Amino acid sequence: MLALKHGRRIALAPMLASMIAARIPEIEARQGRIIVPVPLHRQRLWQRGYNQAALLGRQLEKLGHGKLVVDALVRTRPTQSLGGLGAKARKKVLAGAIALNPKAKPQLDGADVLLVDDVLTSGATSSTCVKVLKRAGARTVRIVCFARVLEEAKDLSRRAA
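Residues 1 to 161 (our numbering) are what the sequence shown spells out, left to right.
Bear in mind the hints are in silico, worked out from the structure with no lab data behind them.
Hints should not be assumed to be uniformly reliable.
The list that follows gives simulated cross-link-like pairs (lysine-lysine, DSS-like), each with its CA atoms no further than 25 Å apart [as the list claims (entries may be wrong)]:
no. : residue 1 : residue 2
1   : Lys67     : Lys103
2   : Lys92     : Lys67
3   : Lys134    : Lys91
4   : Lys88     : Lys105
5   : Lys131    : Lys92
6   : Lys91     : Lys131
7   : Lys91     : Lys67
8   : Lys62     : Lys88
9   : Lys62     : Lys91
10  : Lys67     : Lys131
11  : Lys134    : Lys92
12  : Lys134    : Lys103
13  : Lys67     : Lys134
14  : Lys105    : Lys62
15  : Lys134    : Lys88
16  : Lys62     : Lys92
The following label-pair restraints were derived from C-beta to C-beta distances [stated by the list, open to error]:
no. : residue 1 : residue 2 : range
17  : Gly123    : Thr76     : 32 to 38 Å
18  : Met19     : Lys105    : 19 to 25 Å
19  : Glu26     : Asp109    : 24 to 30 Å
20  : Ala11     : Asp71     : 32 to 38 Å
21  : Lys67     : Arg23     : 29 to 35 Å
22  : Gln43     : Leu85     : 32 to 38 Å
23  : Gly110    : Ala87     : 30 to 36 Å
24  : Ala22     : Tyr50     : 32 to 38 Å
25  : Ala99     : Arg139    : 28 to 34 Å
26  : Lys67     : Pro14     : 25 to 31 Å
27  : Gln43     : Arg135    : 32 to 38 Å
Please read all numbers here as calculations on a predicted model, not as lab measurements.
Glycine is no exception: its CB is placed at the ideal position from the N, C-alpha and C atoms.
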(Lines of atoms letter the chains of each structure in order from A and count residues from 1; the text may use other names and numbers.)
(Lines give C-alpha, C1' and ligand atoms only; values in the text may rest on other atoms or scores of the structure.)
Protein backbone atom coordinates (compact mmCIF):
# COMPACT_ATOMS: atom_id res chain seq x y z
CA MET A 1 0.00 0.00 0.00
CA LEU A 2 2.85 2.40 0.75
CA ALA A 3 4.17 1.87 -2.78
CA LEU A 4 0.78 2.97 -4.15
CA LYS A 5 0.22 5.77 -1.67
CA HIS A 6 3.65 7.37 -1.56
CA GLY A 7 5.65 5.64 -4.28
CA ARG A 8 3.43 6.56 -7.26
CA ARG A 9 2.98 2.87 -8.13
CA ILE A 10 -0.58 3.39 -9.39
CA ALA A 11 -0.35 0.19 -11.46
CA LEU A 12 -0.82 -1.67 -8.17
CA ALA A 13 -4.40 -0.40 -7.80
CA PRO A 14 -6.10 -3.21 -9.79
CA MET A 15 -4.40 -5.95 -7.77
CA LEU A 16 -5.04 -4.26 -4.43
CA ALA A 17 -8.69 -3.59 -5.33
CA SER A 18 -9.19 -7.20 -6.38
CA MET A 19 -7.89 -8.27 -2.98
CA ILE A 20 -10.39 -5.91 -1.33
CA ALA A 21 -13.19 -7.17 -3.59
CA ALA A 22 -12.46 -10.77 -2.60
CA ARG A 23 -13.47 -9.90 0.98
CA ILE A 24 -16.79 -8.24 0.09
CA PRO A 25 -19.61 -10.77 0.63
CA GLU A 26 -21.22 -11.76 -2.67
CA ILE A 27 -24.68 -11.90 -1.12
CA GLU A 28 -24.79 -8.13 -0.68
CA ALA A 29 -26.91 -6.27 -3.19
CA ARG A 30 -24.81 -4.49 -5.79
CA GLN A 31 -27.56 -2.85 -7.78
CA GLY A 32 -27.66 0.82 -6.94
CA ARG A 33 -24.63 0.64 -4.66
CA ILE A 34 -22.47 3.76 -4.57
CA ILE A 35 -18.70 3.64 -4.13
CA VAL A 36 -17.28 6.68 -2.33
CA PRO A 37 -13.54 7.16 -1.77
CA VAL A 38 -12.20 8.95 1.29
CA PRO A 39 -11.36 12.42 -0.05
CA LEU A 40 -8.03 14.20 -0.16
CA HIS A 41 -7.79 17.95 0.14
CA ARG A 42 -6.99 19.54 -3.22
CA GLN A 43 -3.50 20.57 -2.01
CA ARG A 44 -2.60 16.97 -1.16
CA LEU A 45 -4.19 15.80 -4.41
CA TRP A 46 -2.04 18.26 -6.38
CA GLN A 47 1.10 17.19 -4.48
CA ARG A 48 0.49 13.46 -4.89
CA GLY A 49 -1.16 13.62 -8.30
CA TYR A 50 -3.92 11.14 -7.43
CA ASN A 51 -6.16 9.92 -4.64
CA GLN A 52 -5.24 6.31 -3.87
CA ALA A 53 -8.71 5.61 -2.42
CA ALA A 54 -10.27 6.86 -5.66
CA LEU A 55 -7.99 4.58 -7.69
CA LEU A 56 -9.13 1.63 -5.59
CA GLY A 57 -12.74 2.76 -5.94
CA ARG A 58 -12.42 2.96 -9.74
CA GLN A 59 -11.18 -0.63 -9.80
CA LEU A 60 -14.00 -1.80 -7.52
CA GLU A 61 -16.42 -0.18 -9.96
CA LYS A 62 -14.80 -2.07 -12.84
CA LEU A 63 -15.21 -5.28 -10.84
CA GLY A 64 -18.95 -4.62 -10.58
CA HIS A 65 -19.23 -3.54 -6.95
CA GLY A 66 -21.17 -0.35 -7.62
CA LYS A 67 -21.01 3.07 -9.23
CA LEU A 68 -18.10 5.31 -8.27
CA VAL A 69 -19.00 8.82 -7.13
CA VAL A 70 -15.48 10.15 -6.78
CA ASP A 71 -16.47 13.59 -5.49
CA ALA A 72 -19.31 12.70 -3.10
CA LEU A 73 -17.19 13.82 -0.14
CA VAL A 74 -14.78 16.75 -0.02
CA ARG A 75 -12.02 17.81 2.35
CA THR A 76 -12.92 21.36 3.20
CA ARG A 77 -9.49 22.26 4.50
CA PRO A 78 -6.03 20.76 4.48
CA THR A 79 -5.23 18.52 7.41
CA GLN A 80 -1.85 17.49 8.69
CA SER A 81 -0.74 13.94 8.04
CA LEU A 82 -2.45 11.68 10.56
CA GLY A 83 0.48 9.25 10.73
CA GLY A 84 1.76 8.90 14.28
CA LEU A 85 -1.28 10.55 15.88
CA GLY A 86 -3.50 8.79 18.39
CA ALA A 87 -7.26 8.37 18.00
CA LYS A 88 -8.19 11.53 19.95
CA ALA A 89 -5.71 13.68 18.06
CA ARG A 90 -6.90 12.28 14.71
CA LYS A 91 -10.52 13.02 15.59
CA LYS A 92 -9.61 16.58 16.57
CA VAL A 93 -7.68 17.18 13.34
CA LEU A 94 -10.61 15.88 11.25
CA ALA A 95 -13.34 17.88 13.03
CA GLY A 96 -15.21 19.72 10.28
CA ALA A 97 -12.67 18.76 7.61
CA ILE A 98 -14.90 16.41 5.59
CA ALA A 99 -18.21 17.48 4.08
CA LEU A 100 -20.78 16.39 1.55
CA ASN A 101 -20.59 17.66 -2.00
CA PRO A 102 -24.19 18.94 -2.38
CA LYS A 103 -24.27 17.64 -5.98
CA ALA A 104 -23.97 14.08 -4.65
CA LYS A 105 -26.94 14.29 -2.25
CA PRO A 106 -29.51 12.87 -4.72
CA GLN A 107 -27.31 9.84 -5.45
CA LEU A 108 -26.71 9.12 -1.77
CA ASP A 109 -30.30 9.39 -0.58
CA GLY A 110 -31.33 5.83 0.35
CA ALA A 111 -28.18 4.32 -1.17
CA ASP A 112 -26.00 1.52 0.05
CA VAL A 113 -22.46 2.93 0.12
CA LEU A 114 -19.02 1.34 0.01
CA LEU A 115 -16.64 3.81 1.64
CA VAL A 116 -13.16 3.09 0.25
CA ASP A 117 -9.95 3.87 2.10
CA ASP A 118 -6.43 2.53 1.74
CA VAL A 119 -5.59 1.92 5.41
CA LEU A 120 -7.80 2.00 8.49
CA THR A 121 -5.80 3.05 11.53
CA SER A 122 -7.86 4.53 14.37
CA GLY A 123 -11.08 4.76 12.39
CA ALA A 124 -11.32 8.53 12.85
CA THR A 125 -11.36 9.31 9.12
CA SER A 126 -13.84 6.55 8.35
CA SER A 127 -16.10 7.54 11.25
CA THR A 128 -16.15 11.14 10.08
CA CYS A 129 -17.01 10.07 6.52
CA VAL A 130 -19.71 7.65 7.71
CA LYS A 131 -21.40 10.41 9.74
CA VAL A 132 -21.45 12.72 6.73
CA LEU A 133 -22.78 10.00 4.43
CA LYS A 134 -25.50 8.95 6.89
CA ARG A 135 -26.57 12.59 7.35
CA ALA A 136 -26.80 12.81 3.55
CA GLY A 137 -29.31 9.96 3.57
CA ALA A 138 -27.21 6.88 2.89
CA ARG A 139 -29.14 3.79 3.99
CA THR A 140 -26.03 1.77 4.81
CA VAL A 141 -22.29 2.45 4.75
CA ARG A 142 -19.78 -0.37 4.61
CA ILE A 143 -16.11 0.53 5.02
CA VAL A 144 -13.69 -1.33 2.78
CA CYS A 145 -9.93 -0.91 2.91
CA PHE A 146 -6.80 -2.74 1.92
CA ALA A 147 -5.12 -2.80 5.33
CA ARG A 148 -6.01 -2.26 8.94
CA VAL A 149 -3.57 -1.29 11.66
CA LEU A 150 -4.22 -3.38 14.76
CA GLU A 151 -3.93 -1.90 18.24
CA GLU A 152 -1.32 -4.54 19.08
CA ALA A 153 0.86 -3.35 16.20
CA LYS A 154 0.56 0.27 17.32
CA ASP A 155 1.58 -0.74 20.84
CA LEU A 156 4.64 -2.63 19.53
CA SER A 157 5.59 0.32 17.35
CA ARG A 158 5.43 2.72 20.32
CA ARG A 159 7.61 0.42 22.46
CA ALA A 160 10.24 0.16 19.71
CA ALA A 161 10.52 3.93 19.32
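Hints versus structure:
no.: 1; hint: Lys67 - Lys103; result: holds (15 Å)
no.: 2; hint: Lys92 - Lys67; result: violated (31 Å)
no.: 3; hint: Lys134 - Lys91; result: holds (18 Å)
no.: 4; hint: Lys88 - Lys105; result: violated (29 Å)
no.: 5; hint: Lys131 - Lys92; result: holds (15 Å)
no.: 6; hint: Lys91 - Lys131; result: holds (13 Å)
no.: 7; hint: Lys91 - Lys67; result: violated (29 Å)
no.: 8; hint: Lys62 - Lys88; result: violated (36 Å)
no.: 9; hint: Lys62 - Lys91; result: violated (32 Å)
no.: 10; hint: Lys67 - Lys131; result: holds (20 Å)
no.: 11; hint: Lys134 - Lys92; result: holds (20 Å)
no.: 12; hint: Lys134 - Lys103; result: holds (16 Å)
no.: 13; hint: Lys67 - Lys134; result: holds (18 Å)
no.: 14; hint: Lys105 - Lys62; result: holds (23 Å)
no.: 15; hint: Lys134 - Lys88; result: holds (22 Å)
no.: 16; hint: Lys62 - Lys92; result: violated (35 Å)
no.: 17; hint: Gly123 - Thr76: 32 to 38 Å; result: violated (20 Å)
no.: 18; hint: Met19 - Lys105: 19 to 25 Å; result: violated (32 Å)
no.: 19; hint: Glu26 - Asp109: 24 to 30 Å; result: holds (26 Å)
no.: 20; hint: Ala11 - Asp71: 32 to 38 Å; result: violated (24 Å)
no.: 21; hint: Lys67 - Arg23: 29 to 35 Å; result: violated (20 Å)
no.: 22; hint: Gln43 - Leu85: 32 to 38 Å; result: violated (19 Å)
no.: 23; hint: Gly110 - Ala87: 30 to 36 Å; result: holds (31 Å)
no.: 24; hint: Ala22 - Tyr50: 32 to 38 Å; result: violated (23 Å)
no.: 25; hint: Ala99 - Arg139: 28 to 34 Å; result: violated (20 Å)
no.: 26; hint: Lys67 - Pro14: 25 to 31 Å; result: violated (18 Å)
no.: 27; hint: Gln43 - Arg135: 32 to 38 Å; result: violated (25 Å)
Hints 2, 4, 7, 8, 9, 16, 17, 18, 20, 21, 22, 24, 25, 26 and 27, counting from the list given before, are not met by this structure.
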